[in-house]
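Given these sequences and hints, build the entire structure.
Line order of the protein sequences matches chains B and R.
For the first sequence, this note's numbering begins at 3 and goes up steadily by one.
For the second sequence, this note's numbering begins at 1011 and goes up steadily by one.
Bear in mind the hints are in silico, worked out from the structure with no lab data behind them.
Just so you know, not all the hints are guaranteed correct.
[Stated by the list, open to error] In silico DSBU-like pairs for lysine-lysine, Cα to Cα no more than 30 Å straight-line:
1. B/Lys49 / R/Lys1177
2. B/Lys91 / R/Lys1252
3. B/Lys145 / R/Lys1201
4. B/Lys49 / R/Lys1029
5. B/Lys32 / B/Lys16
6. B/Lys109 / B/Lys22
7. B/Lys22 / B/Lys145
8. R/Lys1186 / B/Lys32
9. B/Lys18 / R/Lys1201
10. B/Lys49 / R/Lys1186
11. B/Lys16 / B/Lys86
12. B/Lys145 / R/Lys1186
13. R/Lys1186 / B/Lys109
14. B/Lys49 / R/Lys1195
15. B/Lys71 / R/Lys1201
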Amino acid sequence: MYLNANNISFSYRKNKPILKNISISIPDNKVIGLMGDSGSGKSTLCKVISGYLNNYTGTITIDNELIDKTGYCPAQLIFQHPEKTMNPKWKMHKVLSESWNPPQELKDTFGLKEGWMNRWPSELSGGELQRFSILRALNPNTKFIIADEISTMLDTVTQVQIWDSLIDYCKKNKIGILAVSHDKELLEVIADNIVLFNDINKL
Amino acid sequence: MTKTEENKQGILNINLRTKTLIITGIALLILISVFVSNYFIDHTAVLTSNFYNVNQPPSFEHWFGTDWMGRDMFMRTLLGLGISIGVGAFASIISTIVAILLGVFSSVNTVVDEIVTAVIDLFGSIPHILLIILVSLAFGGGYYGVVMAVGLTHWTPLARILRAEIKKINTSEYIKLSNEFGKSKMWIARKHIFPLIISQIIVGVILMFPHAIMHEASISFLGFGLPAHEPAIGIILSESMKYLSMGYWWLAFYPGLSLLFLVLLFDLIGENVHKLLDPQSAQE
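Here it is as structure tokens:
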């Protein structure tokens, strides 16, 4: 299974394109690393692929079928700032169950403690929240994970832990990963292929 | 920790949440007892004149003194406060309904949003008292007129808050994520947006009470509000004006103080409910 983005162009303002004819293909058994400078449009590409931005040109297909925009989006984006993606008045178990109820052993591999389930998002740290948002995105309907700088705020040990369990789960369940980062060393460890995202548009 | 603080904690071993709940409960109890007492007071017996004890200063028999017709001022004040609470309640409900409708409308699209903002600004720009008097007269005056006038003029701050709040929630990332999870708009409105704005609505309603009560009293004082035979605080105050120069200070002092106390109680309840509903301060 492949996720193909063909000739994607996108601009926030008229005549100032941020993405110009970008094509990328993500297989479901690999981790594709995406590297680029700040402001080069990495996050915009992520948002386009996972359906957050709609007025782009080009096509995004999974196995030659266009993504259905009404139902569950098979390409799930994980944000850099997990605290923004959680309703501040929902306790963590509710936040998690908005997507699905993961089995206990999966919670253990991601290091989710039982005591965290009854807390508010404001009572957990960024790293703890990010585990929730990753696990939340691993719904059985998810076919691709778009990880937009998901480990930037974590220390190195936790980074390794989280990426290990994420890649492990995705390899087992045939979920493709697009890992976005500007950390070259991290991408060299986790990614099978690295795509360099050059800032050609702004010349 | 100093010694006095230690002692304090030892005697009253309760946290801030419990303390806030207790204070709110007591304030609510006072308000409810004032309101309910209206139904147990025999209006005709209290409001008939008794010329044997005219203009008595405050005593144990007549706590707030008596007026120039020998009526007990405590009972009149109590009835006046009951009317104030009634007007406040009806007016707050009307205001809140208008505010919610406009807040929800504004989230439809940008054109509607512009219109709603313009309407809010329009109503906000007219002087309150003037608008209240005009609307009250348009509805034929009396109790009904005052309720409609106060209700139809006090929704602007709450509508503004709700509009901003709904806008903020709608553009947040957890709503977009909810869309990604395939949830319907109704589901998002019910599970995400409504629980987040309900606390604003509740606090808004409670904090609207003091405003409504004060405005009811002021237009009654000016003579455009409730009819003169009602024992409203505004009427008590305006009538007592004539007797102040004769030294009958209790005619204005106690009713005015009671009105202030009532307003402060509502304010206190509103602040405390806000504290309890806000997730940042609720667990302190």
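Given hint B/Lys32 paired with R/Lys1186 - CA-CA distance at most 30 Å: It holds: about 27 Å lies between the C-alpha atoms, which stays within 30 Å.
Under the criterion that the straight-line Cα-Cα distance not exceed 30 Å, is the pair B/Lys49, R/Lys1186 satisfied? With a Cα-Cα distance of about 11 Å, the restraint between B/Lys49 and R/Lys1186 holds, given a limit of 30 Å.
Are B/Lys22 and B/Lys145 close enough, with their CA atoms no more than 30 Å apart? Satisfied, since the Cα-Cα distance of roughly 26 Å is no more than 30 Å.
Would the hint linking B/Lys18 and R/Lys1201 be met if the CA-CA limit is 30 Å? Distance ~38 Å between B/Lys18 and R/Lys1201 Cα, so the pair is violated.
Straight-line Cα separation of B/Lys49 and R/Lys1029 no greater than 30 Å? violated, 47 Å
Between B/Lys49 and R/Lys1177, is the straight-line Cα distance small enough, at 30 Å or below? Holds, at roughly 21 Å.
Does the alpha-carbon distance linking B/Lys91 and R/Lys1252 stay inside the 30 Å limit? This hinted pair is violated, its Cα atoms lying about 55 Å apart.
Are B/Lys49 and R/Lys1195 close enough, with their CA atoms no more than 30 Å apart? Roughly 20 Å between the alpha carbons, so the hint for B/Lys49 and R/Lys1195 holds.
Would the pair B/Lys109 and B/Lys22 pass a check requiring their Cα atoms to be no farther apart than 30 Å? violated, 40 Å
Need the status of pair B/Lys32, B/Lys16: alpha-carbon distance at most 30 Å? With Cα atoms ~35 Å apart, B/Lys32 and B/Lys16 exceed 30 Å; violated.
Would the pair B/Lys145 and R/Lys1201 pass a check requiring their Cα atoms to be no farther apart than 30 Å? holds, 26 Å
Keeping to a limit of 30 Å between CA atoms, is the pair of R/Lys1186 and B/Lys109 held or broken? holds, 24 Å
The structure does not agree with the numbered hints 2, 4, 5, 6 and 9 stated previously, though it agrees with the rest.
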